[in-house]
Amino acid sequence: MADSPAYPGTPRWVKVLGLISLALVVVFVAVHLAGGGFRHHGHRGAQALGGAEKAGN
Amino acid sequence: MRAGLRRLALTAHVTSSVGWMGAVACFLALAVVGLTGREDQAVRAAYVAMKTTTWAVIVPLCLASLVTGLVESLGTPWGLFRHYWVVAKLVLTALATAVLLAHTQPIGLLAHAAARATLTGDLHGIRVQLLVDAAAALFVLLVATVLAVYKPRGTTPYGWRMDERAGERRRIGGG
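Heads up: the sequence lines are chains A and B, in that order.
Count along the first sequence from 1, then add 169; that gives the number in the working numbering.
Count along the second sequence from 1, then add 910; that gives the number in the working numbering.
Check before you lean on any hint, since a few could be wrong.
[Claimed, not checked] Distance ranges between label pairs, derived from CB positions:
id	chain 1	residue 1	chain 2	residue 2	range
1	B	Val928	A	Pro180	22 to 30 Å
2	B	Arg1063	A	Ser190	16 to 24 Å
3	B	Leu990	A	Tyr176	15 to 23 Å
4	B	Leu945	A	Pro174	48 to 56 Å
[What the hints assert, rightly or not] Calculated from the model, a selection of chain B residues having no Cβ within reach of chain A, i.e. all distances over 12 Å:
id	residue
5	Ala913
6	Leu915
7	Val928
8	Ala955
9	Val958
10	Ala959
11	Thr963
12	Leu971
13	Leu1002
14	Trp1070
15	Gly1083
Since the hints were derived computationally from the structure, they do not count as laboratory data.
All residues carry an ideal CB built from backbone N, CA and C; glycine is no exception.
Using the sequences and the accompanying hints, generate a full structural model.
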């Protein structure tokens, strides 16, 4: 009985896409954490809204 | 899955996915108008329209694309974890969905501020962020479309084992 062929391994395009995706996710998270991303949207936005509304009243 | 049902699922998946990409392109155009527009009314209208576009078009099409993609992969020999291109599409779609749902709050906030004519400089960071994120989302959806069209080769270890077992069954059945 012939041995079944070995798994050829992960294709190069998967590794490249994975690395690019990982880099983009890291940049995305870093930008959001450093620059007041969606963790801060509500707080800063509420401040901006509140300040403007108070100024308008 | 029967052939007729498979075609229906494929049509629903292609329609929702391409529609999602088109809607994100519209969102990006509105984000550009919101950030660079000179007329106050046009800028405010853009942010109000972005909220409507998000809830009425982008979120439903995004969820429809995810669900029909799951149905399509599980109901056909492609499977969900057998081929790398299917796994990659699933990961990209899931990530895009999570990011989209996380951004509904700032989008609503901007629309609220725009409707009340209270778009202050403090919101500039969020406006830039939405523009950048919309461009990134469009790129991710484009990559997913390319994967779906080209279907690059590559079987996962799980898919390889499944193919091996199927081959063995065929050999036993044939012998």
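Tell me, in ascending order, the numbers of any earlier hints that this structure violates.
-> Checked against the structure, the hints that fail are numbers 13, 14, while the rest are satisfied.
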